[in-house]
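Enquirer: Listed below, chain by chain, are the residues.
There are 2 protein chains.
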Amino acid sequence: MKLLKHNLSEKLIINKYLKKLNFKNKGTFDFENDGAYLDFNKKNYKLTVTTDNISEDIDFFSNDDPKSIAQKITTVNLSDIFAMGALPHSYLLNLYLPNYINENWLNLFANQLKKIQNKYGFYLLGGDLSKSNKLIVSSTFFGSIKKKLEIFQNKFDLYDDILITGNIGESKIGLEILKKQISSNINLNQYFIKKYLYPTPCKLGPLIANHVNSMKDISDGLIGDLADMLNDKYGALINVNKIPLSVKTKKILNKNNFRLEDLLNAGDDYGLIIISSQKNRNKIFNIANKNNINVTLIGKIINKKGIHFDSHLDIKNIKKFDHFF
Amino acid sequence: MKLLKHNLSEKLIINKYLKKLNFKNKGTFDFENDGAYLDFNKKNYKLTVTTDNISEDIDFFSNDDPKSIAQKITTVNLSDIFAMGALPHSYLLNLYLPNYINENWLNLFANQLKKIQNKYGFYLLGGDLSKSNKLIVSSTFFGSIKKKLEIFQNKFDLYDDILITGNIGESKIGLEILKKQISSNINLNQYFIKKYLYPTPCKLGPLIANHVNSMKDISDGLIGDLADMLNDKYGALINVNKIPLSVKTKKILNKNNFRLEDLLNAGDDYGLIIISSQKNRNKIFNIANKNNINVTLIGKIINKKGIHFDSHLDIKNIKKFDHFF
Chain A
1 MKLLKHNLSE KLIINKYLKK LNFKNKGTFD FENDGAYLDF NKKNYKLTVT
51 TDNISEDIDF FSNDDPKSIA QKITTVNLSD IFAMGALPHS YLLNLYLPNY
101 INENWLNLFA NQLKKIQNKY GFYLLGGDLS KSNKLIVSST FFGSIKKKLE
151 IFQNKFDLYD DILITGNIGE SKIGLEILKK QISSNINLNQ YFIKKYLYPT
201 PCKLGPLIAN HVNSMKDISD GLIGDLADML NDKYGALINV NKIPLSVKTK
251 KILNKNNFRL EDLLNAGDDY GLIIISSQKN RNKIFNIANK NNINVTLIGK
301 IINKKGIHFD SHLDIKNIKK FDHFF
Chain B
1 MKLLKHNLSE KLIINKYLKK LNFKNKGTFD FENDGAYLDF NKKNYKLTVT
51 TDNISEDIDF FSNDDPKSIA QKITTVNLSD IFAMGALPHS YLLNLYLPNY
101 INENWLNLFA NQLKKIQNKY GFYLLGGDLS KSNKLIVSST FFGSIKKKLE
151 IFQNKFDLYD DILITGNIGE SKIGLEILKK QISSNINLNQ YFIKKYLYPT
201 PCKLGPLIAN HVNSMKDISD GLIGDLADML NDKYGALINV NKIPLSVKTK
251 KILNKNNFRL EDLLNAGDDY GLIIISSQKN RNKIFNIANK NNINVTLIGK
301 IINKKGIHFD SHLDIKNIKK FDHFF
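Chains as they are written, first to last, in the working numbering: chain A, 1 to 325; chain B, 1 to 325.
To be clear, the hints were calculated from the coordinates, so they are not data collected in a lab. Where is the CB? At the ideal position from N, CA and C, for every residue including glycine. It cannot be assumed that every hint is accurate.
What follows is a list of derived Cβ distance ranges for each label pair [claimed, not checked]: (1) G121(A) <-> N41(B): 21 to 29 Å; (2) R259(B) <-> K119(A): 53 to 61 Å; (3) E103(B) <-> N133(A): 25 to 33 Å; (4) Y100(A) <-> S62(B): 48 to 56 Å; (5) P98(A) <-> D232(B): 27 to 35 Å.
Only chain A is shown next, with the shape it has when bound in the complex (with noise of 0.2 Å):
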């Protein structure tokens, strides 16, 4: 951890806060080394690493529950680990704290930490602190996987099934019910609300490794990612009525002046997109049904580029939903 020890308030966030996220790992000194030593002794594994950052005004506001914060910026990471196939291993903690943050919002931040990572099964291996006019939260996870798995984005055989992890579009509507853009009664609000604040992971994707030929988060909504993920010579169709929605969501829909379309490309719901052979398709669905995760094929890959859909569906509209511009 880079720590500027003479600084009572730094050292007050590290000790009060930080170092009981270690777990006692030998390898992270106590944070009191500018560096730490990654402990990874698993024959026949190797590391997998991503990172990924949440912004204040971008991807939370600044007086959002600090908890939410914490689960934003560990499921955006967590996310990216299970895509790969893998199983966390550690991570890294790059906070850029602007003045507002005060001991109570620590506490709840590194509380909520502490939670997912007991969870999981992770560790805080570093980081650094430093100070911001917007709080940035950036963090760089460590992951597992066995040696001889390789999990691309983008490869995969004509006629592929298609399948995702979950419910479409949940996190946008919370997000637009905070907006004020739609509403509807209370329990239907608040239960939206918390799937905006509050995302998680899809653990299914290290379960499945063995069986799949790419799998993505969804992070950009459902037809941004999946775009990502086809490459030069095949596209995809995609059945319409087969996107999987929630009843709640389908009551949304209903009442306000909004449409599927608007849900196609909304922003983070962290369900899996997997692109497997057909041969597979069995033995994935028994896993997810034995884990309790719902998985949905809906569509296949086919020998013409693009995204396309068994139904008209009025997708020029639809802006896609993007952290950098």
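Following the hints, position chain B against chain A.
Expert: What follows is chain B alone, placed relative to chain A:
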């Protein structure tokens, strides 16, 4: 590499400027996946990790040459890797880019990174890009070190040598010249400004790792970093007239209202502080000499906590350079 393919600008940044930095390493997936594999198959070696960032208006100015910014982000991290006794292996780059960043900027920045990668032998593993109102460049570096080695920053014995590499204060003088706080003739001005804009890491660390008790790079000034290394058991006695200053620095001290004290807690020199047993002194000097690196014995570990000087220094007026507050 976390990328949003459908945005021309981000695609362009990655394809035109960053892709050449992966040195065709397979585990990077040519930056087309959200994550990467860290190919680290060196038997009897372990992986070290460090992460550090530099920010506009804190560590550099917005109109600084992008080559200087590339130099700084690699040096702050390489310096930590070398201080751990490790050799660089690969790195992640997280760029937070404001609107003023253009193709010319990216070209100069990436070319300087490539030059440094070639010099020290490491490649770009991945990263991510975000939009920001201020430029922040954050990086996570991976290094390799023999498994049996473990370099702490705060483990040593009574009467151990305290050594430092290079000269003290040149980067600080460069900054003061840029801020027009001090001035000299054109040649000296250019010399010191270059020291500030283009700091280099000291590669001695891995060469002497077998012979030291502790090492740390000087990133917050000699006194601040030495204080970070001291534990609750022993202190340091420093021979003031042994502190290495270049002839050029002495000229500045003579001609300006600028004192030795102002240099002892001066920012980024990126030399190493080495604490080692007296019996290894000759070995360390021999290795340093062979590699044309200046090493100076400046003091020893004593049985009295804190930092002490053998002659009077007005250090209570020295404000520690602090990246955080």
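Enquirer: Hints broken by the structure, by number, lowest first?
Expert: 4
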